[in-house]
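K.L.:
Let's have the full structure, built from the sequences with the hints guiding it.
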Amino acid sequence: MDRFNIGDSVAVRIDSPRGHYRTPIYIQGKTGIIESICGRFKNPERLAYGYDGYPLKTLYTVEFLQKDLWPDYKGNIADKLLIDIYEHWLNSINEG
Amino acid sequence: MSNEQQVNHGDHDSESEIQPSYYASRAKAIEALLVQKGVMTTNEINSEVNAMDSKSPADGAKIVALAWLDDSFKTKLLANASEALEEIGYKLPDETPYLKVVENSEDIHHVVVCTLCSCYPRMLLGRPPDWYKSLAYRSRVVVSPREVMEEFGLRLSDDIEVRVLDSTADLRYMVIPRRPLGTDGFDQESLAALVTRDSMIGVSDPLSAHF
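Residue numbers (our numbering), protein chains in the order written: chain P, 1 to 96; chain E, 1 to 211.
Bear in mind the hints are in silico, worked out from the structure with no lab data behind them.
Cβ atoms here follow ideal geometry from the backbone N, Cα and C, with glycine treated the same way.
Check each hint, because a few of them may be wrong.
Unchecked claim - Lysine to aspartate or glutamate pairs mimicking EDC-like chemistry, simulated, CA-CA at most 16 Å apart:
1. P:K42 <-> E:D170
2. P:K74 <-> E:D158
3. P:K67 <-> E:D158
4. P:K74 <-> E:E95
5. P:K74 <-> E:D184
6. P:K42 <-> E:E150
7. P:K30 <-> P:D68
8. P:K42 <-> P:D52
9. P:K67 <-> E:E161
10. P:K42 <-> E:E95
11. P:K74 <-> E:D170
As the list claims (entries may be wrong) - Using C-beta positions, here's what the derived DEER-type ranges look like:
12. E:S157 <-> P:G19: 42 to 52 Å
13. E:V49 <-> P:K67: 39 to 49 Å
14. P:A78 <-> E:I18: 17 to 27 Å
15. E:S21 <-> P:T31: 35 to 45 Å
16. E:A136 <-> P:I6: 33 to 43 Å
P.N.:
Below is the structure:
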């Protein structure tokens, strides 16, 4: 079962674990909405070190409003940034 | 980082050939190790290189043109790109990352980046352009997408919603740009000729019909 549904509010974990990870710093700590569920993929944090990448991780496209990311953002207030984030980097807003 | 290696140090190099760059030497060394350790053969490496070089933006352009002409193909392409491509006889290589196609419209404009490295729909567009891999593009297009697109010559009205797609993981994105006006009656080939690489990344529009 996927942890999140489309439309759920999520916050990106703030972390800088040793080694390889695919969650850029600029998006960490920001709050967005699950835009789509991309499927389950091998975990790049394991693949990078010669492991088989299992267990698979669900990957989500998460949508953020640009104005929530950059205080001085100029443009349409509906402008968005969409980014692909693995499940273990996301916390439900309600989970705190 | 590599500049120092490329500088010709005057007399020292006067008799030798041009030295390969730092990255070229490093790639050669890694390749030699992979072969030596039996991870892959030289033939396998060459066939990968050939496969990558056989793809170019012309492949993507044909698909965009078909999507402009055939609504039901476009719908399938947006829903499940690899299936839609397979139906028209275009088999993506195995082990290829998942391809997602998005469409620009009069209301929404997509532009693609990989802030972490240089993820790119190579299976359709070939190798990414150098600017796509540059730190300047990768860092600026997420913060100021409208300004960056304007530098590419694309000025978007404030009414249009801009969506920056940061392909950080297992998805690769290709954009179907807006079909240029005045192209009614164009066939797939003449439409494809208007579809530029940059328009499929989203930093510019396709060529106009009367350029």
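K.L.:
Broken hints, numbered, in rising order?
P.N.:
As far as the earlier hints go, 4, 5, 6, 11 and 14 are violated by this structure, in ascending order.
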